[in-house]
Amino acid sequence: MTTDLSAQLGRWLTEQEGRLVEVRSLELASAGARRLNALFETVSTRDGTAETSKLALTMIPRAAIQILDVAGEAAVRNLAESAGVPVPHVHHVCTDESVLGGPFFISTAVAGETVPRRVLRLVHSAGIGERVVDQLGTAMARLHGISAAHAPTPLLESAASASGAPIRTALAGIDEGLRSLLEPSPTFSFGMRWLERHAPPEPTHLTIVHSDIRTGNIIVGDDGLRAILDWETARIGDPIEDLAWPCQRMWRFREDRHTAAGMADIATLRKAYQAAGGAWDEDRFDWWRVLGTVRWGLGLAGQARAHLDGSFPSIVMAASGRRVPELEYDTLLLLRTR
Amino acid sequence: MQPRPTAAELLAVVAELLDRDVVPALDGPVQHHARVAASLVTIVERQLRLAPAAEAAELAGTQQLLAAGDDSGEAAAVVDLDEARARLATALRAGMADDPAMAASVWDVLMRVARDDLSIAKPGHDSWDGE
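The listed protein sequences derive, respectively, from chains A and B.
If you're matching positions, the first sequence starts at 872 in this note's numbering and goes up one per residue.
If you're matching positions, the second sequence starts at 12 in this note's numbering and goes up one per residue.
Hints in this document: simulated from the structure, not taken from any laboratory.
Any given hint could be a false lead.
With the Cβ distance kept under 8 Å, some of the chain A side facing chain B (calculated, not the full set) [unchecked claim]: (1) 1058; (2) 1179; (3) 1180; (4) 1182; (5) 1183; (6) 1184; (7) 1190; (8) 1193; (9) 1199; (10) 1205.
Chain A stretches covered by chain B per the calculated footprint, using a threshold of three residues with CB under 8 Å from any CB of chain B [stated by the list, open to error]: (11) 1043 to 1056; (12) 1063 to 1069.
Lysine to any residue pairs mimicking SDA-like chemistry, simulated, CA-CA at most 25 Å apart [claimed, not checked]: (13) B:133 <-> A:1142; (14) B:133 <-> A:924; (15) B:133 <-> A:1052; (16) B:133 <-> B:12; (17) B:133 <-> A:1188; (18) A:1142 <-> B:51; (19) B:133 <-> A:1208; (20) B:133 <-> A:1205; (21) B:133 <-> A:925; (22) B:133 <-> A:1176; (23) A:925 <-> B:50; (24) B:133 <-> A:1124; (25) B:133 <-> B:78.
This one's a predicted model, so the numbers in the text were calculated from it and none came from an experiment.
Note that beta-carbon positions come from the ideal geometry of N, C-alpha and C, so glycine has one too.
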């Protein structure tokens, strides 16, 4: 498969760039149901000298549901990059599914760690936890500083953005998740009631939110944060959602003392965000953290359901069902009555 | 009656085989799936040992909460755990724990249940009790 992919990619790049481009050492980095990621090198000749580039391919399998199409995702990345957010630069976008079997884009391959445990090992052995969290806070403030009015059209028109009411939309998602449960969860119902009673007003200032910035979706090197990945979940929403998300326990990967991304404390994130012009809101932050925890728990239950109803049979999906108690416990920690 | 080893004892030895011999002999996605399988076998082994007591405690705690929110005594007579959980979930969503004192009682029961569930699904997850 990788041989075919290399040849097809080489032909397409040759056509696009108008010079002979050879694709080498293509390696699948991950091949999930929703996207395929591969790393490769290109060798081409410019002005008589051979030029080598390290690139990354992101392809959406034809059957996969796209949250945001590749053109939209690339446009958001470019916009974020122009605002000073570290992202792998996008070189090419192709929406023609006949080329590789699905729409794809090609970006710079950024060196560093992405696997959560390895990221956290590196961060703590190099003593750069605070630096990375500081960089995340700065990056988020820059992203949120972009006016939603400048957002690419596919983002503005995406279903996730459409309501213009992120709080109501998020609550509706939880409600649906609760109703789809194969067995009721008193804890998540308790959480939902809390969320309904403590729901903040819809934000007056809507921005582009990435919605999945966390350990596992970033590239980190010994010098700190190098890139924020996976922009397919970007939408228009409440900026505080982005801040709360990496501060949930499941993204700490056992580094529980380091409440922000398993790397540093939340105060470090807040300080960096504010210093870069972001407006922090403590109540809203707490609310989004509860919402995200309940949502993740319902998502795990949904994975088990997808295994059981045959729509996605997999031992990993089956196992997700038995992770639900972790999220119930984490939800209760956040709702401690004191 | 089936002879020894018991179901739990058999699952323990299967988990050991998967962990010690099978997982190291594999690589890639299959290795990951085998690791997940080993973990699931361990969960079911603990479930066989611990679930009867955990479920009895959950039923008692749930009945106690349902009784506190219902004067007729009918709700507390629910002896099926699934039904008791469903009733509690519905009552909580409808505001049963809006009152702070009731919220504290509910939280205590749900927390005990969550810890019992974790003793089966992920022992040690509850060693952290910060935010």
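Each hint, compared with the structure:
| no. | hint | result |
| --- | --- | --- |
| 1 | 1058 | 5 Å, holds |
| 2 | 1179 | 14 Å, violated |
| 3 | 1180 | 19 Å, violated |
| 4 | 1182 | 19 Å, violated |
| 5 | 1183 | 14 Å, violated |
| 6 | 1184 | 12 Å, violated |
| 7 | 1190 | 5 Å, holds |
| 8 | 1193 | 5 Å, holds |
| 9 | 1199 | 5 Å, holds |
| 10 | 1205 | 6 Å, holds |
| 11 | 1043 to 1056 | holds (count 4) |
| 12 | 1063 to 1069 | holds (count 3) |
| 13 | B:133 <-> A:1142 | 34 Å, violated |
| 14 | B:133 <-> A:924 | 44 Å, violated |
| 15 | B:133 <-> A:1052 | 21 Å, holds |
| 16 | B:133 <-> B:12 | 31 Å, violated |
| 17 | B:133 <-> A:1188 | 17 Å, holds |
| 18 | A:1142 <-> B:51 | 42 Å, violated |
| 19 | B:133 <-> A:1208 | 24 Å, holds |
| 20 | B:133 <-> A:1205 | 19 Å, holds |
| 21 | B:133 <-> A:925 | 41 Å, violated |
| 22 | B:133 <-> A:1176 | 20 Å, holds |
| 23 | A:925 <-> B:50 | 38 Å, violated |
| 24 | B:133 <-> A:1124 | 14 Å, holds |
| 25 | B:133 <-> B:78 | 31 Å, violated |
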